[in-house]
Every structure is written in C-alpha cells, then in structure tokens.
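There are 6 protein chains.
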Amino acid sequence: MFEVERIVKRALEEDIGLGDITTEATVEAGVTVRAELVAKEDFVVAGLDVAARVFTELDAEVGFEKLKEDGEKVARGEVLAWIRGEARCLLQGERVALNLLQRMSGIATMTARFVREVEGTGTLVVDTRKTVPGLRVLDKYAVRMGGGRNHRTSLYDGVLIKENHVAAAGGIAAAINRARKRISHVLKIEIETRNLDEVREALEAGAEVILLDNMPAETLREAVRLIDGRALSEASGGVTLETIRDIAEAGVDVISVGALTHSCRAVDISLLFED
Amino acid sequence: MFEVERIVKRALEEDIGLGDITTEATVEAGVTVRAELVAKEDFVVAGLDVAARVFTELDAEVGFEKLKEDGEKVARGEVLAWIRGEARCLLQGERVALNLLQRMSGIATMTARFVREVEGTGTLVVDTRKTVPGLRVLDKYAVRMGGGRNHRTSLYDGVLIKENHVAAAGGIAAAINRARKRISHVLKIEIETRNLDEVREALEAGAEVILLDNMPAETLREAVRLIDGRALSEASGGVTLETIRDIAEAGVDVISVGALTHSCRAVDISLLFED
Amino acid sequence: MFEVERIVKRALEEDIGLGDITTEATVEAGVTVRAELVAKEDFVVAGLDVAARVFTELDAEVGFEKLKEDGEKVARGEVLAWIRGEARCLLQGERVALNLLQRMSGIATMTARFVREVEGTGTLVVDTRKTVPGLRVLDKYAVRMGGGRNHRTSLYDGVLIKENHVAAAGGIAAAINRARKRISHVLKIEIETRNLDEVREALEAGAEVILLDNMPAETLREAVRLIDGRALSEASGGVTLETIRDIAEAGVDVISVGALTHSCRAVDISLLFED
Amino acid sequence: MFEVERIVKRALEEDIGLGDITTEATVEAGVTVRAELVAKEDFVVAGLDVAARVFTELDAEVGFEKLKEDGEKVARGEVLAWIRGEARCLLQGERVALNLLQRMSGIATMTARFVREVEGTGTLVVDTRKTVPGLRVLDKYAVRMGGGRNHRTSLYDGVLIKENHVAAAGGIAAAINRARKRISHVLKIEIETRNLDEVREALEAGAEVILLDNMPAETLREAVRLIDGRALSEASGGVTLETIRDIAEAGVDVISVGALTHSCRAVDISLLFED
Amino acid sequence: MFEVERIVKRALEEDIGLGDITTEATVEAGVTVRAELVAKEDFVVAGLDVAARVFTELDAEVGFEKLKEDGEKVARGEVLAWIRGEARCLLQGERVALNLLQRMSGIATMTARFVREVEGTGTLVVDTRKTVPGLRVLDKYAVRMGGGRNHRTSLYDGVLIKENHVAAAGGIAAAINRARKRISHVLKIEIETRNLDEVREALEAGAEVILLDNMPAETLREAVRLIDGRALSEASGGVTLETIRDIAEAGVDVISVGALTHSCRAVDISLLFED
Amino acid sequence: MFEVERIVKRALEEDIGLGDITTEATVEAGVTVRAELVAKEDFVVAGLDVAARVFTELDAEVGFEKLKEDGEKVARGEVLAWIRGEARCLLQGERVALNLLQRMSGIATMTARFVREVEGTGTLVVDTRKTVPGLRVLDKYAVRMGGGRNHRTSLYDGVLIKENHVAAAGGIAAAINRARKRISHVLKIEIETRNLDEVREALEAGAEVILLDNMPAETLREAVRLIDGRALSEASGGVTLETIRDIAEAGVDVISVGALTHSCRAVDISLLFED
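Protein chains in written order, with numbering that gives the first Met the number 0: chain A, 0 to 274; chain B, 0 to 274; chain C, 0 to 274; chain D, 0 to 274; chain E, 0 to 274; chain F, 0 to 274.
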C-alpha cells in the first residue's frame, strides 16, 4: 500500500545520499525552471505517476502535468509530461525518475509486443515472479499497462505446487490434498506438470489451474483437450516472441512469460530543461 | 554498509509476504535436502555471497558452499554452489536468490564483453548511475566483477557538472569556480562538455575530469590532444559493443557505459534439488 | 515473513521502553533462574513459539523447553514450558510473553468451541479480518491451532465483492465481470449476497464463492440448494455458539465468525519462578 | 509521540498489503461518497480521532466530521461521524478504522462500568500492562475515556517491585533501598505485598505506593488502617464487576483491573454508505 | 531497549555509508590483528560495552576484552581494552567507537568532578534533558558512571511543571491540581518556582518536588527551611564547578546540572594496532 | 537526503516518548501563543531551519519567522526568530529545538574563531569525522556556517590512507597503487605521512593530497617546499586556537581541526513566550 512511497524514498536516498553536492555548489536555491520528459523512441509508456512522485517527494511544490497516460503508445519526439519547479529539485530527482520510468516503459513495451502476438486467440499473457528485487509492484503494474495480466505477486497470494513440492509431498494427488486442507477456500490450487500423465493425475486430484511446463505445442494441444475446461491451463517455460503464437494457438488459457521482467531493455527518455 | 542485508531482507519480504503458503501446505518442517546452483549457459558469475545471504537470512543453519568465485567465467553445466538445509527454506529463498544472482551475473557478463573490446588500450570501462533503483551497490559490484570500474555511486561522492548546472551557474568557468569553493578538497571536479571550445574552457578553469559527451571518434581524438594529460578524459553517450573500440583508440582515459546496468539480460541459472 | 520478529520486537520496545528500571535496580546481572509457564485453567494452547521468541529476542542464551505443542488441549495446573535464563531477562520478557500467549490461546480455545459445535457436518469454521490491528498473523495462526481455517488475510490475497462494491460497479453481474478482467487467474471471486435473487444473479455471473450474509437457516438451506455445488457457499453475520450448528446443518461449505478474534477472552497463564 | 501514526500505518499495511484488489477491480477512481459511522448498541465511544486518521492517512482529502466526542455515551442508532471522500479510500480504510474504534470503545465501555461501581468511594480505577501488544497507547487512552486512570505505561516510567524482585534482592527492605539508590527522584517506589507483615515491612522501608495483591476485603481494610496515609494503597488481583465495590469500600486509594484491556469485547459499529 | 543497538547501527551507517573504500582498497580481507584502546589522559571511563558493540555489530567474531570497567578512574597510558579481529573490521569501526567512548568518558569525567565538589553534603547531582539529540540514553548512562543520578529521561517519565505551564494553567495551585487528576499515581509532581512565595504556594498545593530556579544560595537556604522535608528540593540554573558547593550547602536534596551533557569535552583515547 | 527529517523525528521521539504528560495535563489544546528565540550571548548562529523543522514536524501549522540567517553573527539580546503556534506544540518542541540550535551555533562559533585566526593566509580550515554519532550532517553544516570547509563526510566519499592501511598494504607506494586500481577516478587519493621521507615517498607514488600529521611548523614548512604544488598539503593533529596561525603560515593548503566538533560548547539561547 505504501509500497510506491517506500520505493521512491529508497531510490532517492540511494541516489542522493547526504546531498547532491554538484547542484548545491552550482545552482542557487530558489530558481524555478520548466522541463519536459521527451520520448527518444517509440514505446508504451508506464510509470508517469511514479516519476511525478519522485519530484513531489523531494518538494511538494513541484508541478507535474501529464500529457500522456500510462498504457498509451507514444512516438519518438512526443512530450510525456511537463515538470515545473525548483531547478535544484529537478536536477536531484532526474536520474531516479528516469531510471524508474525507462524501466517501467520498457516492460510495458515488451509486454505489448507479446500481447499483440496472441491477438485473437483469447489467451492471456501473464508475468512471473522473475522481477527485480524490491520493484515487483512496479514491474507488475507495467505488465498490466502493456496489456498483460498478473500471476500471483508473492508466495503468499497464490498456490503453485512445483515439482519439488510434489516430490516432498509424495506425489501429485498427495500434494493437492494437503494443500486443500490448509489453503484458504478463496484461492485456487495450481500445480506444475511435465507430461500428460501428470496432467491427468492433477485433474483427477482436483487441481484448479494446471501449469504445463516446457511442453511442445503438440503436447499442449493434447493437454488442453484432456483438461477440457475442468481446470485452467497455463503454459510456461522459455516463451519468446517467436514461439508464443504457436503456444497460444494450442488453446491454453494463460501463458506466463519471465522475459517480460527479468531481461527488459530500458526505453530512451530525456528530461529537457527549457531555456 | 548494511545495504546488502537491507536489500536481501526487503526482497524476501516482497516475495514471501506473510508466508509461502504452498510450501507450508505441502512440505513438512524438518526435512533436509541438498541442492545445486547450475549454470545453464556460459557467463561471468557475480552475486554468490548475496545468494548465500538470502538463504542464511531465512535460516542461519543453511550451508552454502561456493565452487566458483565472483568474477570467474563459468561454462554451461558447471555447478556454482551447493546448498544444504531445510527443504522449506530452500524453496522459499529460491526465487529471490536466483533473481539477484541472474541479474548480477548478467551485468558482470555484459561488462566483461565491453572490457574485452578495449583490451590493450589502457582505457577504463566504468558504469553510470543508470542502475535499477534500490540495487545500485549490487549493480556496481557486478560491474567490478566483470572487470569494469565504478564511476561515482551517488550524487554525494563525486562532482559532475552537467549542461544544466553550467547554464544555471552562468558558464563553464563560473560553474567550476563555484564548485571549487564548496566541494571538499578530496574530490575531483568533473564537467560535461559538448565540443572542443567547451573542452578548452573547462581546461582553463581547472577541471580535473572532462566528460566528452556524444562526440565522434575524431573529435574525441582532438579533445585528448587538447587536454594533453592536464585532466582525465571520459567519453560517454550511447556507447555500444560496436563503437567502444574506436572510442578507446581515440585515447580517452575512461569510457562510461549506461547499458552495463540499465538493460542487462539475466543469465540462466537453475536451482536443482538432489533426489 | 519477518512478521513475528517485528511483532515481538515492537511489543518489547513498547513494554520495556528505555529500560526495565525496577529490575535493573533490584536484580543483579548474571543471576540465572528457571521458571515455568503454568496453565491456570483448561484451554487449547497457541503461541508457545512466539513466547519463546520474546525471551530469545532479549537474550539468545535463554533456554525454552516446550512440554506442550500449539493446538494441544491443556488442563489447569499443567506446565506448558520451562524457561531457563538470566533472571533479568525473564522478568523483562514476562508480561509481553504472557500477553501474547494468553490472547492466542484464548482465540484457539474459542475457535475449538465453535469447531466442536459443527462436528460431523463437514462445514468449515473460518475467521475474518476482524482481528486486532498489528497482530493478524498471530490471530489467524491461533484460529488454525483451534481447528479453524483462515479466510483471506488481507485485501490483497482474496477477492470479496461486498454490497458497496456492487453498488459502485452497477450490479452483481457487472461487478463480477469487472473483477474477472483484473484479478489474477489463481484467485476465486467471492461475492456477498443478501437474498436468493442475488444468489441467483451471482451464480449466473460465475461467482466462485457466494457469501450468504445474515440469512436465516431456512434461507440458507434454499441458497445451498440453488447453488448446488456450482460455487462454494459461505454463511456469515453474527454467528454465535448457539446458532452455528443450525447454520452448518443448512449445508453451507463455510461459516465465517468474527467473534473468534474481535472479542476473545485471554486465558489465564502464570510464569512461576522456581525457588 | 508518532505512536498513533505508526499504529495506523502498520494496521493499513497489514490489511491492505500490496493493494485492495477487489476495490481496484470494481470501483472507479474518482467517485466521491458520503458514509456514516453508526452505533449498533449503547456504549461509551473512544477512538474517533484514530478512525479519522485511518482515512486521512490513506488520502489527506477525506473529510471526517465528528458528531460525538471520545468519552461520550452513545445510544444504539446514533451517528458517531460523517465521512466524505473517494469511495475507494473509504472501502480500503473501513475495516481498520472499525477494528480500532470497536476495540477502543469496548475498553472505554467496560471501564465506565467498573468506574460506576466504585462511585462515591473516592477510589481510582486504573489499568495494567495487560494490553494487546502494539496497541498500548490506544488501550490506555480508551481507559481514560471510560473514566479510568492509567498505571505506568511501560517498565520504564514507573517502579513496581514484585515478588520475584524482592526474592532476588533479598527481602523487601533491601529491594526498596536498592531502588532508591538508582531510581530518579521524580518516581515513586511501589512494591507488591502479599500479607500484612509485608505491608508493615514495606512501610518501614519507605515504600511510597503499596500494592495489596489478591487480599480479601477484610485484609485490605486492615492494610489501609496500617498504612494510614503514609503511602498510597493499591488493590489488585482478579477484580471483577462483582467484587470491585467491596474492595473500594475497604478504603484503598487505587484498584488496578487487568480485565479492562485483556479481555474486552468489541462493540458493534457500522460504516454505512449513503445512496 | 534496543536503543543502544539502534544508536550503534545508525552511527556505523553514517560513518561507513556504502563502504570504507580506503580499507577495501588497501587491506586484504582475512588479515587478523590485535589492537588496544589506550588512555591519553586521566579520566573516568564510560562506554566500553558500547565500543565493543560497535565492533561486534560489524563482525560477530571480534574479541573485545575489557581491562577496565565503566565508572573506573584510569590514568594516562593505561590500556582500557584489547580488541582482536579482522584488520578491516577494526579500521572500519575505529572512528565510531572512539567518538562514542570519548564523549561518554568526557561526560563521566565531568560528572565525577561535580560529584566530588558536593562530597559529604548528601546532595545528589543529576542531569537534565540538555543532551545531544539521539544519544540521550548514552549521555544519561555516562552521568551515572561518573557518580551522578538521572532526572527524568523524557517528557514521558516525569512531571515537571514549568513557568509556561503555570501561566497556561492559571497559577501554581491550578496547575498542580490539574496534573494530579491526569498523572499516574506512581509519578511525583515537580514544579518550578522562582521565589519564596511560589515555593509556599507549591507546598500548599501539594507539590512533591520543588524546583528552585536560579536562586542565590541565601534564598535556597530559606526555601529549604520553608519546605522542611514536606517535598524534595531541587536547585537548578547555571550551576558550575565554582558554585555547586555553596548550593549544596544550602541544604537542597538535588542539584541539576545541564553542563554535564550539553558542553562536554571529549577525552583523548587512541586505538593502537600491534605490530 | 532525508537525513534532517530523520534526525528531527528521532530526537522528538527520544524526548517526547509516548507523550508530554506535563503539558497534556496542564495546558489546554487549542491555545495559540507567540514565542521568540533570543540570544543570551554573542555567537554565530547555525541551525535555524532545523529548529523550525522541529516545530513543523510536530504541527505543520506552526509559523516560524527567521530574523537572522545561518552564518550570521548575533549579539546577546537579539531575537533569532519568532514562533507562533499551539502552546502545547511549542512546549513539546522547545528542548529538542534548543538542543540542536545551541550545539550547531556552538560549532559555527568555534569554527569562526579558527577561521579568523588564519585570515589572509589562504589556508582552509576543515573539519574531521570526530562528530557526534548521528548528527554528522548537522555538525558539518555548522562548520560551513562558521566559515570552515568540510573534509570527507564518511569513509565512502573520500580516500584517506592512514598509517595502519600503509602497514597492511606493505608501504606507502604499495598502498597508493592499490588504491588507484580500486578507487573511482573522480576521487583524489590522500595519504597520511609522519615525516619528510614519507612525504617524498607519497609524492613519488602520485598522492594527490598529503596529510602532514602532527608535524612542527618548521617541518611543515619543509614539507610544503618539497610538495611544491604537486599535491595538496593538509596539516592535522591537536590544532588549537593558539597554534593554528603558525601552522597556516607554514604554507599548508588545508588544516583539519577535530575540536570544531568533538568538544564544542553549546551557546546559550532561550525560548521566551510572550505574555
């Protein structure tokens, strides 16, 4: 809830430390300027409110006027927002604001590409827990802004029984039964499977979501047939822009993609001061 | 100082929240296992101590035996470390440990590539402040493990007078003079320049490090001649693996590369439980 | 994850402040004693590990030997645990340990009574978010120790569409449809209903859990018939030990009981020092 | 000092976690509503400012108009306060505000009952340290709102030499003498006694407050006679609504009652949205 | 309670920041050394455990052997403690440990001088709240080690009605009566007086400690006569080593001295590494 | 960056604890007063914004009007600032505000005296890390307000190779070379020397700042001649108001003085309420 505030404060403390000595030495207090955030390439923007928060955390008087909204496509050269305030404040917040905005927009843009690939199939593109430590809520928000959906956010708000859990519990059915006795009735039970036998076993034990891990499109298709609407199907494992369409066409309900967040490229955005 | 502890704890809180409900439901307390961290591709490893810390923060009893050291090149299939402890603990820490280790190794690997490109030129490859908010000390450590060097870590431990500071101070000489009156005598004064005239002005005003921003190799060469050892020269701006050799051969002392940290690809590492 | 540590530290800071001035003035450092936690009435115990944590947080050397396990029924006069350590430490931690243990055991005991009432019906007794602010994980743990189950722990790990959400969204179907587009596919959608018409509407819109709020047993019975296994049914609203059996016999899957946590009576436990 | 802020923030973090997913999915941002806090039974209200703080912490724009003041008796059906603000904010803060307000009013109401029982005797009813961990300042404030008085708040701001301290120090006189040499001259020294001999010994040693632990009314009367105004007398130990009048009439200055806070029943209050 | 831990951690974070770059660059990890803390002048030592904590907070393996105890007089050249551990750790903790130890010993030494001046009079020398923000518990501890006593530690654990409170309450008697109705029965009520009339008024209203502010010795003597044991008397205001004897001989019970903490001189202590 | 906020909040928590019980008991809420900060002696003021922050942290409505600016000389009897606000707030913040302002002004005043002594020599007076733990940024700010300059603020933002580092690294040249390979190119390398041979060695190894430790004026003069502008020279070690002029006249660039901060005397300032 106070997570964004915490992230922004932490980032500012990290970057500014005990003071921006260059700015304090060269720029007078009290000088007001106007600057603009400009796209240096085409992308889907995400993080404008977070960027605004960076500046207002430093100085509540800063004005931040959004010209775009998160989730919008922007073209190279377009202005994302105007910022007006103390020159010192803008110089101090610049790097943190850009670091956050460029990463979040990078994730949104990458997500939008994956989502476009599955258009018309009805399959959902969702993220994973392969996010940058400390920024998960922002990473997951950016995925939504790119048109993706979120898987569970932590080990707490979703059940996903993986191979090692199955081994420890003594089999798929045993693991599902144990989970059912402990888990809140408002959570679905998801389980990872590696082949059709495991899919069958999971179905019989009453799994509500079945993760189909690293299966070829053909196997996915059979798995979907097997499941036949009795559980949700989720494909995962090394999904790329090249492979996602085939996977979606196999008929799975959901595809989870780690690359949305673990290897995103920051988009290019500049903060330009007006003369 | 306590920064790594803080990062690890925050990451665990973020990922585990109020509990790993799947593991608690399916895996008995008290079961001990051994697992190994395995490289799934070739890379330069960084972050093994941080990964160890993730598990010991959860349970001080976990044993973590490194088979590789940070900075070492590892080949696909090699084991990086053995981990022995409660199955519950290993399952809970797995994702956080991998997220950190994969990102840090990704940065080290990317840095090593840039460093290899400038081999023999005597030019240093350094990072920037374009790091992921909250993880700067880890990002910068990973750069060192890849053979790079660090620029200032925050706005506090280095002076870098940029274009906007110059404008606010009323010119290059004015900005440098103001800085000299405020800055501790143990810090060097660095200033950004965009052309040879500015380089000259900076030199005359006594700049100790001159940032040559976005200049073509030819201009860099002239700038280096102009400076002639009276200040350190640093090239920056959109440096890539393709362009860095030319820049280094222009004779600059330092090249700063944002891409080391702002767009790194996570390397692939698995945590495998022994049977 | 570090929640119990945080609760215990906060409680100790609150109670000890800048020091236990009485103990420091009257009891020498270095004197070791043994004490026992004794039940002064019959109850279901919960919180022994938390009590142990209070003392070890003060002094890692304290020995805490449990003679009972959480969830066990204990009789008046029985010893729950032996504690051995510095007299100063035991005196300083006593009140905090007892405050936590007595409340948690109170909740477990109350829950066990409700659970006993529904024995044989297959209906689950679950808690609510009506817990004491700051202690929710302990309150919910105690419910489990008493044989109850947990509903969602926060607004984050479960969906419950209430009357006011329905009004804001423009009707039951609209609310459910909106939720389905935003909520992770691993969470079930629960909705509150006040009469059979609403139950029907919720069912048609695909609700996965239907909360039957404040309905008389007769209506509950009809609701269960209507739902007919297509969703989980949950009864709630002013449930008491007197009314819960009737409600369970109406055939609902789950009954949620606020009184488990919002009005629990602390059980009586003493910390006795040996001579 | 910043304790209430801390409690409210902690409670909101606990309840909202990373977001109120139901409200975010079903209620539009920007919709303003008015709601009222309504008493569903008769009680003494306490905690209205704390409840207001819950909402303003979420959104500084929320208006909270109190119609009652803490310490006032309210009747079933009466409105305690009007709240106007974003529907999302009111829905998110509702449970935390009610959990705090219902508990605090429960304590105030229980305290008022004890106070009424001793009316006319001049005896003070005070609380103990048997409060819910983390909420002590609120619990103690609620006691005052019910007409009670506060004993020390922590081990730091008052001296109370108990049986175990006496044993460790080697007797009542020794314990009091040791305390006098260490304790600030602005604190009174209180000591626990179990019989009249101990009362005599405490008096002779100069105790300033004498705790009469678990004594029958007759013994209390004799103790009061013995003390004869040379120290304050305080009765404690299993005091109930049935026994407190007799204890007060024995002439003690103060009666401390653990039940005010350790087993309070939450009163019933609703937050109703206007249509 | 965790106050010393907090102070030490904060001090280390402040001094070490993101790392001791000199030590990391010049001293190998893993090199063990022995060092000693040596007195460079005569003084009363205080803070040895705090100094030890500085090193063990950095590295739990450090050995710290005290040769002196807090409160002891040490002569120039004497060794206070031996420290054995990683060279890196000792170098990193050195400044923080010395800053704390030198200040605390300075306070203890100054206090001891004041206490010696009043020897034989029975008057207590106590501190004030004029301490360095953030270090109050250490400052007050050091006062005790010098033979002084502590006044209240904060605005919470003692009542002191000052001139401005009296003005606001409408007179001395009114202020005391209001306090008596609100303050816990275990705290004494202290009030500031400026002349004998006020002393009389305070006595009549039942003040339990009377602060005699800035009165000449003669007036103090009369005040003591007036009070005649019915309250404690405390002199304060610009007390120096030159004036304290006269004040004590006026017969007051307590003298409070701000200079013990607000203007203390750090004593000279060195940390010497063995060859 | 948020350091001042943290210091002020911590100081208020320390001083006010769970509440200012005297003020709450004797002064009504809602009463507004005006007070003034008055100099009780001549000094250089520093810390007015910090003092203002103390009150606004307690109550954002407090008005604080500065009549002086930090760095200004003020005479006894002059008013530094007017404060208008709730009487309760002013009484609660008084001690913390004065403790900070008196210490900071004490440091500024002491620094100004040292600076005046070296007038005309061109030598800079700088501080050290011998500050009060937790208040370093304020101590260092106060030094600047007194006309001094700052040395590095922590072990992180400057390199200073001391005797023990030299010993560990195996000599002056070795230590400097190791540092050069690790330290950012924007930091100068400073090294401590004890005699002219070491100065020569440091120069040859390329030290950029040479600390001349505890050398007599004559030796300093020779050292300056040796260095001859190839590095900055810094004198340190037991510098006093009596010795600083001689040291400066030896021609060193910088003199560092621990006494500016480790043994400062608080100046006398009062907060007077208007009638």
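No wet-lab data here; the hints were simulated from the structure.
Incorrect hints may appear among the rest.
Straight-line C-alpha distance at most 25 Å; calculated BS3-like pairs for lysine-lysine [what the hints assert, rightly or not]:
(1) B/K8 <-> E/K8
(2) E/K8 <-> D/K161
(3) C/K67 <-> A/K187
(4) B/K67 <-> B/K39
(5) C/K39 <-> D/K67
(6) B/K72 <-> F/K187
(7) D/K67 <-> E/K180
(8) C/K39 <-> C/K67
(9) B/K39 <-> B/K65
Fair warning: this is a prediction, and the values are worked out from it, not measured in the lab.
The hints, checked one at a time:
1. B/K8 <-> E/K8: 16 Å, holds
2. E/K8 <-> D/K161: 34 Å, violated
3. C/K67 <-> A/K187: Not OK: C/K67 and A/K187 at ~34 Å, beyond 25 Å, violated.
4. B/K67 <-> B/K39: 15 Å, holds
5. C/K39 <-> D/K67: 41 Å, violated
6. B/K72 <-> F/K187: Given that 25 Å is the threshold and the Cα spacing comes to 32 Å, the pair is violated.
7. D/K67 <-> E/K180: Holds, at about 23 Å.
8. C/K39 <-> C/K67: 15 Å, holds
9. B/K39 <-> B/K65: With a Cα-Cα distance of about 17 Å, the restraint between B/K39 and B/K65 holds, given a limit of 25 Å.
In summary, the numbered hints that this structure violates are 2, 3, 5, 6.
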